[in-house]
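Colleague: In order, the protein sequences belong to chains A and B.
Residue 51 in the working numbering sits at position 51 of the first sequence; the count goes up by one each step and never skips.
Numbers given in the working numbering equal positions in the second sequence, counted from 1, plus 1000.
There's no promise every hint is true.
Computed, partial: chain A to chain B, Cβ under 8 Å [claimed, not checked]: (1) P14; (2) E22; (3) K24; (4) Y35; (5) N39.
Worth flagging that the hints you see were computed from the coordinates, not collected in a lab.
Note that beta-carbon positions come from the ideal geometry of N, C-alpha and C, so glycine has one too.
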Amino acid sequence: MTALSATTILTRAPDVPSRPVEGKGVLVNLESGHYFSLNVTGQFIWSRLDGKQDLGEVAAAVAAAFEVTREEALDDTLALAIELLREGLVDVIRAE
Amino acid sequence: MTDARLHMSVLSRSAYVRSDEGRFLSAIREAFPHLEASPRPEASSRPETPAERGAPPRSDTASLPAFGNSDTPRTLAYRYTVDRKSDLFVDSLGTPIAHSQDFNLYHWKKSFVVSAGVRSFAQCFWEDARVEVTVHPDDREDDWVVAHRLFFLPLLEWMRREGYYPLHASGFEVAGKTILVSGPSGSGKSTSSLAALAAGAPFLTDDTLFVSRDREGKLVLNPFPEPIKIGRESARWFPRWREDFVERHGKFSLPDSRLPGGGRMANCSPGLLLFPSFSREKVTRFEPMARPEAMVRLLPQSAIPSTSDVLQSHMDLLGDFVEASDPYFFRFAEDVPDLMTHLDRLVRSKERSN
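The whole structure should be built from the sequences, with the hints applied where relevant.
Modeller: In structure tokens form, the structure reads like this:
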């Protein structure tokens, strides 16, 4: 699997319909038939995986929104990004 | 730590997989007179089924072809297998079950194909509003294959493309408020329906409804007229219909002609959304549920995998529907005769809190 870092750029995979509900999120992977729920932080991160912002920028937004340190926010962002990548819910736009 | 979490479940079509006998045929024929069975096409014009083109016998999503439109049949989402002997329907992302038949949805040229094994299939041409159904002679006596696989699933997909999104729920009205009870088969939907009817409540639907939008964009709940079906255990609560129930394969069915009052409501708006589970307690209870959890619970009762754009529209509408509803856990106890009293109390307390 691709190693992820603060400079990695991810985008939501095209065949993954999603819907936010009161700050949380629901995603469906049509390939696997699996569906997923995201908590508030997860949905915040998911909504920013737009193929433009790198994970460092996403983490900075997390840190500002949830009042945690940049390091904590980056750890959480990377942890979620690894799960999303493993489940085929995101595509890598820039790997380094 | 912010603790970002991803929780995974399996989107199963088992919510709509049941062993009913011809239950949808009359309703479908009435609602869609242009649906006609066609003669079996010549082999050259018939789409090759996955089994015929050498698809793997195991239901292994990783080894199936990628989803997409093309001139060759492709698996739309994933295969699942149904065990008809045990009447227990299992999503087969993992292991196929013995005595089972495969079922596939896939695109072929400009059509959408629902195949039941290698023998019988429905080919849907959305642009022409036409479905061609081919039933193998060996399947002709199998009402479930014909009614469910070859008619009901194409119908659901068709309705979605027309802006009517299916929801596996019963619906009725209490104190002027719509009550929907959503859950898998055997969870208490029909018992709730009959309790409502017995109390004279306006009745919408027993098992399936379609959510749509009117011209102003407001959400509308539309009934799907089919007989109420209830298990033997639950039927004992309703002795008034003992003579009216039609028994078949251990299920009791109450035809529309036996519905008391004015029959069904034409449609209604979202209200309370209840997710039942049987409780060992003596008294039925309701507890508020967060809307995101309601969305997660509703998804497998509503959204059959489809193309990405159809499912995205479905999820958008479902999200709006959940946000317009008040969801509750419905701890269903043995006090069925008191159910409407409990619901009336719930509706009135909800109105007071608003």
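Colleague: Could you check the structure against the hints above and give me the numbers of any it violates, in ascending order?
Modeller: none
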